[in-house]
Amino acid sequence: MGMPCDTEAIRSDFPILHQEIYGKPLVYLDNAATTQKPHCVIDAVRHYYEKDNANIHRGVHTLSERATADYEAARETIRLFFNARSKKEVIFTRGTTESINLVASSWGDTNVGKGDEILITHMEHHSNIVPWQMLCERVEATLKVVPMNEAGEMDMHAFETLLSERTKLVGVVHMSNALGTINPIRTIIKQAHAVGARVLVDGAQAAAHVAVDVQALDVDFYATSAHKMYGPTGVGVLIAKETVLDAMPPYQGGGDMILTVTFEKTQYNDLPHKFEAGTPNIAGVIGFAKAIEYINAIGLDAIAEREKVLLDYATQKAVAFDGLRQIGTAKDKACVLSFVMDGVHPHDLGTILDREGVAIRAGHHCAMPVMQFYKVPATARASFSIYNTEAEVDALFIALIKARDLFA
Amino acid sequence: MFDLGDLYQQVIIDHTKSPRNFGKLEPCSHDAEGYNPLCGDQLHVYLQIDDDMIKEVKFEGQGCSISTASASLMTEKLKGKSVREFEHLFEAFHEMATADMSEKPDEETLGKLAVLAGVKEFPSRIKCATLCWHTLKSAIEHSDKAAKTE
Ligand SMILES: Cc1ncc(COP(=O)(O)O)c(C=O)c1O
Chain A
121 MGMPCDTEAI RSDFPILHQE IYGKPLVYLD NAATTQKPHC VIDAVRHYYE KDNANIHRGV
181 HTLSERATAD YEAARETIRL FFNARSKKEV IFTRGTTESI NLVASSWGDT NVGKGDEILI
241 THMEHHSNIV PWQMLCERVE ATLKVVPMNE AGEMDMHAFE TLLSERTKLV GVVHMSNALG
301 TINPIRTIIK QAHAVGARVL VDGAQAAAHV AVDVQALDVD FYATSAHKMY GPTGVGVLIA
361 KETVLDAMPP YQGGGDMILT VTFEKTQYND LPHKFEAGTP NIAGVIGFAK AIEYINAIGL
421 DAIAEREKVL LDYATQKAVA FDGLRQIGTA KDKACVLSFV MDGVHPHDLG TILDREGVAI
481 RAGHHCAMPV MQFYKVPATA RASFSIYNTE AEVDALFIAL IKARDLFA
Chain B
6 MFDLGDLYQQ VIIDHTKSPR NFGKLEPCSH DAEGYNPLCG DQLHVYLQID DDMIKEVKFE
66 GQGCSISTAS ASLMTEKLKG KSVREFEHLF EAFHEMATAD MSEKPDEETL GKLAVLAGVK
126 EFPSRIKCAT LCWHTLKSAI EHSDKAAKTE
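Read top to bottom, the protein sequences are chains A and B.
Numbers given in the numbering used here equal positions in the first sequence, counted from 1, plus 120.
Numbers given in the numbering used here equal positions in the second sequence, counted from 1, plus 5.
Isolated chain A (complex conformation) (with noise of 0.2 Å):
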């Protein structure tokens, strides 16, 4: 804690970095698409199919007892980085897509009806879009969109203004993987108790970046992914109130979530494997608690001090390179630096960037809403980490400028 980062020390942790793209250094500026995995977390999850590998919950040798155990102490650790208040809030998903539909589905089927309303923000990923719009078609509710201003902050007073009692819940994204906004979500959580609405946060961006403590914010539910935290792809979970879990039906029936099964009558699991049904991602769990332990090893304070210094820096060039139009400037944001320029398609600036190593998103980010709001029809997406370098910023710019001259 407090320590600076070693970004050398870093960079050498992460094998796939180290490698050139058309005969130049990988810059690899995607992050908040996916990050790169240390090789501790590597490790994990090749010793796991080279010594463990057994399904879990369902033997008695000792590969399965193993297996078992290395899961469950995964959910300790994960419960613990953000500070559940056990391991039956902790259910293991496919990542944030599944986490929400889980939630979309479950409780909002049995918790949302006709004239209710979820409220979402208008800088949602459409992962924490479309799960509402299905609901709400289900059950004839409402969805409704907090606006947002030119900087990509939430509109708070209009916020406010359309919370009610109607409102079942409130969906709102932690971190906006567009923008790199931060939210206010501990304002947002309480505003939204205070109608008596559940809070869904998605902390798909934010986990990697900014300390959570599901207890202190009181959030009902919480969802990430793994492979934005240095984890495995295909692994995530949803961290939710276990008084909240307990009156929700489960979401998929299978293996594992049941005690007994008659063919007249089913009695489920207790959480949280009622959530968990078939074999899961054992692996992936196993690689996502190793990568936590890899956040927890450099410190998430670090972390964020170091990130906020790389991006001030990129920012900094961004302002000052001509033409260029930054698409998103919260005054809280991290991490992610989103941009148009004149003359370039955002498309030919990925494919241009990418012969020279660097490797950046161009496109919507599945966040239409975002695009249309800033009348663009994608943008460049620049995303850092905990690895990048200061070298490789100038790197980005080097090569946007090589854009501009081809298009001059």
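Read the hints as simulated data drawn from the structure, not as lab findings.
There's no promise every hint is true.
[What the hints assert, rightly or not] Take a look, some chain B residues computed to stay more than 12 Å from chain A by CB distance: (1) K22; (2) N26; (3) Q53; (4) I54; (5) K82; (6) V88; (7) R130.
[Stated by the list, open to error] With a cut-off of at most 30 Å between alpha-carbon atoms, the simulated DSBU-like pairs for lysine-lysine come out as follows: (8) K142/B <-> K495/A; (9) K522/A <-> K132/B; (10) K132/B <-> K82/B; (11) K495/A <-> K60/B; (12) K437/A <-> K22/B; (13) K142/B <-> K117/B; (14) K60/B <-> K142/B; (15) K495/A <-> K86/B; (16) K29/B <-> K495/A; (17) K522/A <-> K29/B; (18) K522/A <-> K86/B; (19) K132/B <-> K144/A; (20) K109/B <-> K29/B.
[To be verified] Now the in silico label distances, taken between C-beta atoms and shown as ranges: (21) E108/B <-> L526/A: 50 to 58 Å; (22) D432/A <-> K60/B: 53 to 61 Å; (23) Q372/A <-> K60/B: 55 to 63 Å; (24) K310/A <-> F27/B: 50 to 58 Å; (25) H159/A <-> D105/B: 34 to 42 Å; (26) G28/B <-> D462/A: 38 to 46 Å; (27) Y169/A <-> V16/B: 46 to 54 Å; (28) D105/B <-> G235/A: 53 to 61 Å.
Using N, Cα and C, we set each Cβ at its ideal position, and we do this for glycine too.
Could you slot chain B with the ligand onto chain A? The hints should help.
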């Protein structure tokens, strides 16, 4: 190794910066909208077809360099061609954009369109080049649209 110059040839840059036949065609006998969700390219093509001849063709929309230049070059090529000739060109263009590298494009048929042959070295960009062709094809195939403006 293929470099950027193979993709962004001068002709392409030129057509990106000043696209030909850009704008709405009113009235028209056929039109259709094309969309590439991956990069947000949006394209609207308009045609006036009389007696199976493409008398006029225009396009408008927002897109990357490759999709804009491809549409611009396409409209230039197709003006005055028959629907049958379009179908032939469609096949030749598609073949060029997707065939393996060793195959030489059919330059005799394609003419200037052959400058887009470089896209096949950039797999994520092939759709940008072919979007306008698919959009035009669907405009022609939806003859119900033709009735609309008669
Ligand atoms: C803000 C946000 N929400 C949700 C998601 C979806 O995450 P996943 O694809 O891991 O389910 C993403 C990932 O792109 C995201 O950035």
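Each hint, compared with the structure:
1. With 12 Å as the threshold on Cβ separation, the claim that K22/B sits away from chain A is violated: the shortest Cβ distance comes to roughly 7 Å.
2. Separation of N26/B from chain A is adequate, the least Cβ-Cβ distance of about 19 Å exceeding the 12 Å criterion.
3. Look at Q53/B: its CB is around 27 Å from the nearest CB on chain A, clear of 12 Å, so calling it non-interface holds up.
4. For I54/B, the condition that its CB be more than 12 Å from all CB atoms of chain A holds, with the nearest at approximately 29 Å.
5. Separation of K82/B from chain A is adequate, the least Cβ-Cβ distance of about 22 Å exceeding the 12 Å criterion.
6. Taking the minimum C-beta to C-beta distance to chain A, about 31 Å, the non-interface status of V88/B holds against the 12 Å cut.
7. Listed as a non-interface residue, R130/B fails to keep its Cβ farther than 12 Å from every Cβ of chain A; the least gap is roughly 6 Å.
8. Among the hinted pairs, K142/B with K495/A is consistent with the structure: their alpha-carbon atoms are about 29 Å apart, no more than 30 Å.
9. Our distance criterion of 30 Å between C-alpha atoms is met by K522/A and K132/B, whose separation comes to about 24 Å.
10. The hinted pair formed by K132/B and K82/B meets the criterion: a straight-line CA distance of about 19 Å does not exceed 30 Å.
11. A distance of roughly 34 Å separates the Cα atoms of K495/A and K60/B; the hinted pair therefore is violated under the 30 Å criterion.
12. For the given pair, K437/A sits about 26 Å from K22/B by alpha-carbon distance, which is consistent with the 30 Å threshold.
13. Straight-line distance between C-alpha atoms of K142/B and K117/B comes to about 20 Å, which keeps the hinted pair within the 30 Å bound.
14. As the CA atoms of K60/B and K142/B are separated by approximately 16 Å, the hinted pair is consistent with the 30 Å bound.
15. Taking the CA atoms of K495/A and K86/B, the gap is about 36 Å. The hint is violated against a cut of 30 Å.
16. For the given pair, K29/B sits about 20 Å from K495/A by alpha-carbon distance, which is consistent with the 30 Å threshold.
17. Our distance criterion of 30 Å between C-alpha atoms is broken by K522/A and K29/B, whose separation comes to about 34 Å.
18. Proposed proximity of K522/A and K86/B is contradicted: the alpha carbons are some 39 Å apart, above 30 Å.
19. Our distance criterion of 30 Å between C-alpha atoms is met by K132/B and K144/A, whose separation comes to about 26 Å.
20. Our distance criterion of 30 Å between C-alpha atoms is broken by K109/B and K29/B, whose separation comes to about 35 Å.
21. Between E108/B and L526/A the beta carbon distance is about 27 Å. The supplied range of 50 to 58 Å is therefore violated.
22. Here the CB-CB span from D432/A to K60/B is close to 58 Å, well matched to the stated 53 to 61 Å.
23. A hinted range of 55 to 63 Å for the beta carbons of Q372/A and K60/B is consistent with their spacing of about 58 Å.
24. Taking 50 to 58 Å as the suggested C-beta distance range, the pair K310/A and F27/B conforms, at roughly 52 Å.
25. Checking the proposed 34 to 42 Å range against H159/A and D105/B shows it holds: the Cβ atoms sit about 37 Å from each other.
26. Between G28/B and D462/A the CB atoms are about 22 Å apart, so this pair departs from the stated range of 38 to 46 Å.
27. Range check, Y169/A to V16/B: about 52 Å between beta-carbon atoms, so the 46 to 54 Å window is met.
28. Distance hint check: the CB atoms of D105/B and G235/A are about 59 Å apart, consistent with the given range 53 to 61 Å.
Checked against the numbered hints above, the structure breaks hints 1, 7, 11, 15, 17, 18, 20, 21 and 26 and satisfies the rest.
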